[in-house]
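Chemist: In order, the protein sequence lines correspond to chains A and B. So the first sequence is numbered by my numbering: it starts at 1 and just counts up by one. So the second sequence is numbered by my numbering: it starts at 1 and just counts up by one.
Please note that a few of the clues may not be correct.
The list treats identical chains as one, so a pair stands whether inside a single copy or across any two.
Unchecked claim - List of simulated lysine-lysine pairs, DSS-like, C-alpha gap at most 25 Å:
#1 K102 with K89
#2 K104 with K89
#3 K11 with K36
#4 K36 with K10
#5 K89 with K11
#6 K272 with K253
#7 K213 with K272
#8 K213 with K84
#9 K134 with K305
#10 K320 with K84
Hints in this document: simulated from the structure, not taken from any laboratory.
In case you want the letters, here they are:
Protein chains: 2
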Amino acid sequence: MRPKLTDVAKKAGVSPTTVSRVINNYGYLSKQTKNKVYQAMKELNYQPNSLARSLQGKRTNLVGVIIPSIDNPFFAELVANIEKKLFEKNYKMILCNANYNKNKEQEYLRMLIANQVDGIITGTHNLDIAEYDKVGLPIISFDRTLSDQIPIVSCDNYQGGQLATNELYNAGCRHIAFLGNPYSISNPTNERLQAYQDTISKLGLKSYIHTVKFSESAALKTASVRQLLEQHTIDGIFCSDDLTALLVLQEAKKEKIDIPHQLKVIGFDGTKLIQTYYPELSTIVQPIAEIAELLTDLLYQKIEKEDLTFKINHFKLPVKILRNETTL
Amino acid sequence: MRPKLTDVAKKAGVSPTTVSRVINNYGYLSKQTKNKVYQAMKELNYQPNSLARSLQGKRTNLVGVIIPSIDNPFFAELVANIEKKLFEKNYKMILCNANYNKNKEQEYLRMLIANQVDGIITGTHNLDIAEYDKVGLPIISFDRTLSDQIPIVSCDNYQGGQLATNELYNAGCRHIAFLGNPYSISNPTNERLQAYQDTISKLGLKSYIHTVKFSESAALKTASVRQLLEQHTIDGIFCSDDLTALLVLQEAKKEKIDIPHQLKVIGFDGTKLIQTYYPELSTIVQPIAEIAELLTDLLYQKIEKEDLTFKINHFKLPVKILRNETTL
Numbered sequence: 001m002r003p004k005l006t007d008v009a010k011k012a013g014v015s016p017t018t019v020s021r022v023i024n025n026y027g028y029l030s031k032q033t034k035n036k037v038y039q040a041m042k043e044l045n046y047q048p049n050s051l052a053r054s055l056q057g058k059r060t061n062l063v064g065v066i067i068p069s070i071d072n073p074f075f076a077e078l079v080a081n082i083e084k085k086l087f088e089k090n091y092k093m094i095l096c097n098a099n100y101n102k103n104k105e106q107e108y109l110r111m112l113i114a115n116q117v118d119g120i121i122t123g124t125h126n127l128d129i130a131e132y133d134k135v136g137l138p139i140i141s142f143d144r145t146l147s148d149q150i151p152i153v154s155c156d157n158y159q160g161g162q163l164a165t166n167e168l169y170n171a172g173c174r175h176i177a178f179l180g181n182p183y184s185i186s187n188p189t190n191e192r193l194q195a196y197q198d199t200i201s202k203l204g205l206k207s208y209i210h211t212v213k214f215s216e217s218a219a220l221k222t223a224s225v226r227q228l229l230e231q232h233t234i235d236g237i238f239c240s241d242d243l244t245a246l247l248v249l250q251e252a253k254k255e256k257i258d259i260p261h262q263l264k265v266i267g268f269d270g271t272k273l274i275q276t277y278y279p280e281l282s283t284i285v286q287p288i289a290e291i292a293e294l295l296t297d298l299l300y301q302k303i304e305k306e307d308l309t310f311k312i313n314h315f316k317l318p319v320k321i322l323r324n325e326t327t328l
Numbered sequence: 001m002r003p004k005l006t007d008v009a010k011k012a013g014v015s016p017t018t019v020s021r022v023i024n025n026y027g028y029l030s031k032q033t034k035n036k037v038y039q040a041m042k043e044l045n046y047q048p049n050s051l052a053r054s055l056q057g058k059r060t061n062l063v064g065v066i067i068p069s070i071d072n073p074f075f076a077e078l079v080a081n082i083e084k085k086l087f088e089k090n091y092k093m094i095l096c097n098a099n100y101n102k103n104k105e106q107e108y109l110r111m112l113i114a115n116q117v118d119g120i121i122t123g124t125h126n127l128d129i130a131e132y133d134k135v136g137l138p139i140i141s142f143d144r145t146l147s148d149q150i151p152i153v154s155c156d157n158y159q160g161g162q163l164a165t166n167e168l169y170n171a172g173c174r175h176i177a178f179l180g181n182p183y184s185i186s187n188p189t190n191e192r193l194q195a196y197q198d199t200i201s202k203l204g205l206k207s208y209i210h211t212v213k214f215s216e217s218a219a220l221k222t223a224s225v226r227q228l229l230e231q232h233t234i235d236g237i238f239c240s241d242d243l244t245a246l247l248v249l250q251e252a253k254k255e256k257i258d259i260p261h262q263l264k265v266i267g268f269d270g271t272k273l274i275q276t277y278y279p280e281l282s283t284i285v286q287p288i289a290e291i292a293e294l295l296t297d298l299l300y301q302k303i304e305k306e307d308l309t310f311k312i313n314h315f316k317l318p319v320k321i322l323r324n325e326t327t328l
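Only chain A is shown next, with the shape it has when bound in the complex (with noise of 0.2 Å):
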């Protein structure tokens, strides 16, 4: 068998990140450092195989994330994260804010393959399927169903919106409303909805579902949770993001009803910006580190080896739920 990257970065004693800064003279290097990957490479008589491509001039390096919206926190933070984890790997990015727009998310993906990138982080879903199909590249999927052929990773959104409830019920909780994103086919994001409805009925309560699009604007969503709130059965509020949440307070505020005394409230997703700046939101937290590790990983993977199949099509990773006043 032929030696591989990593043979030469495990006998040189280095990661392959550096093995590969080496061959493409790339990034600070000591000398030092330099001698030992040549010395391995010559040893083992490697030939950059894999790298071939990125000599020759074919990789280019660039991966593409297209998101919804970079001024959410929630993406803010998943994109910070996934660059750490690109920036590692040498891989640049090129940042594409679909903004709830297909034809913006269309024009994006002619210009990502146009602009020959390796591939494609996506957490958007805008487009068709098929348009997704076509695109000829490594595409791994953010929370999106995007077809049979890309692989998605997300946190487990059931495990969390069974969390969150059971956190309302427990805290006393038996009027328990959902509040949040419709259903939409190829959204897993679905499964907090679907556990608040599974665990509504487990527990024999009556659901109150009342959703508001994500894409919404602060403003109608703001007016949706006064509508809801104008309910006075409601005791608790399980929101599908953490935003929503903080409208929620906010109205409850001006509507002088006592959180958590009279309505207790759980939000979604657990950014770092939420957990310090909103400390009082109880939330279930999303594990972006990770989300962004594998997200990249598994690109990486599908760049060395397009024709790579997973066993599992689907990478849940667990959620944990941050218990703070608003369920007290």
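Assemble chain B onto chain A, guided by the hints.
Modeler: Chain B alone, transformed into the frame defined by chain A:
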């Protein structure tokens, strides 16, 4: 004089971007639009001059955007706005999160040069000015002095500092502290502190300067806030950014300091996120969309004509004050 792309646009009654797209056969264009542009090109005997490089493959239509951290809401909103403007001009953004890390910034600069981006927008300043002078690419700086050759776009930080300090004074504060970034060379945000000092002096008050680096962790900032609040003399705080102001509100709540009756607080930045989800905070609003537009416009001009020099080197855009509960 030879006809320019803008002449074609004028004659065809379309935008320059549309002409550029027709020439590059890019994006969505109706047959009618294409014909109008072709007709205008023919009539003017237009040769796509300035686009020649692009057609010959020498332009990559990539722009590198270097910022300290995308998970800071201010930079997230700035990047979202820059991306929007770049996209309109058929450019794509390579997002570089420098993370207050000199080595990472340097490596990104090298990557961007190697990747032949057409230009760079940078909002960091970890590196020596010499590093940026060596780049040999069009660069526009956001809020950082990098070199005499590199134009700077920023809000009017001095005006912001004046407005903030006067707001606290007019609300009745007589012991007004500054909390935020310490002085550092090459950082125009210094002017926020300078304006505070000048205004305090003009008002005949005593200045209380409590510095904590913008790049510090929230935990360390919180400790610093607590220390400041223990100085019972303080009745107003001007924070040099909104996130620090949120920490002040949090600590005040913990210490049962009544805001705004015992202590008034004003921040700086005024992102949509803060305005929406922390509507009680008074702040100085930076014109983020206008900053993004000017950054991209100037860069675009520099890309079109590399030896272009601007009459002024520092473009300052006016800020606005947003009065909310924390300074009532």
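Chemist: Each hint should be assessed against the structure and marked as holding or not.
Modeler: For each hint, the structure was consulted:
Taking the shortest alpha-carbon separations for K102 and K89, only the inter-copy value of 18 Å comes in at or below 25 Å, while the best intra-copy value is 31 Å. Taking the shortest Cα distances, K104 and K89 sit within 25 Å of each other only across copies (13 Å), while inside one copy they are farther apart (28 Å). Proximity of K11 and K36 under a CA criterion of 25 Å is satisfied intra-copy only: 9 Å inside one chain copy versus 63 Å between copies. For the identical chains of this complex, K36 and K10 are intra-copy neighbours only, at 11 Å inside a copy versus 62 Å across copies, given an alpha-carbon limit of 25 Å.
In the homo-oligomer, the alpha carbons of K89 and K11 lie at most 25 Å apart inside one protomer (20 Å), although the nearest pairing across protomers, at 48 Å, exceeds that limit. In this assembly of identical chains, K272 and K253 lie within 25 Å of each other by CA distance both inside one copy and across copies; the values are 24 Å within and 20 Å between. Taking the shortest alpha-carbon separations for K213 and K272, both the intra-copy value of 23 Å and the inter-copy value of 19 Å come in at or below 25 Å. Taking the shortest alpha-carbon separations for K213 and K84, only the inter-copy value of 22 Å comes in at or below 25 Å, while the best intra-copy value is 30 Å.
Proximity of K134 to K305 under the C-alpha cut-off of 25 Å is restricted to the intra-copy arrangement: shortest distance 18 Å within a copy versus 38 Å between copies. Taking the shortest Cα distances, K320 and K84 sit within 25 Å of each other inside one copy (23 Å), while across copies they are farther apart (35 Å).
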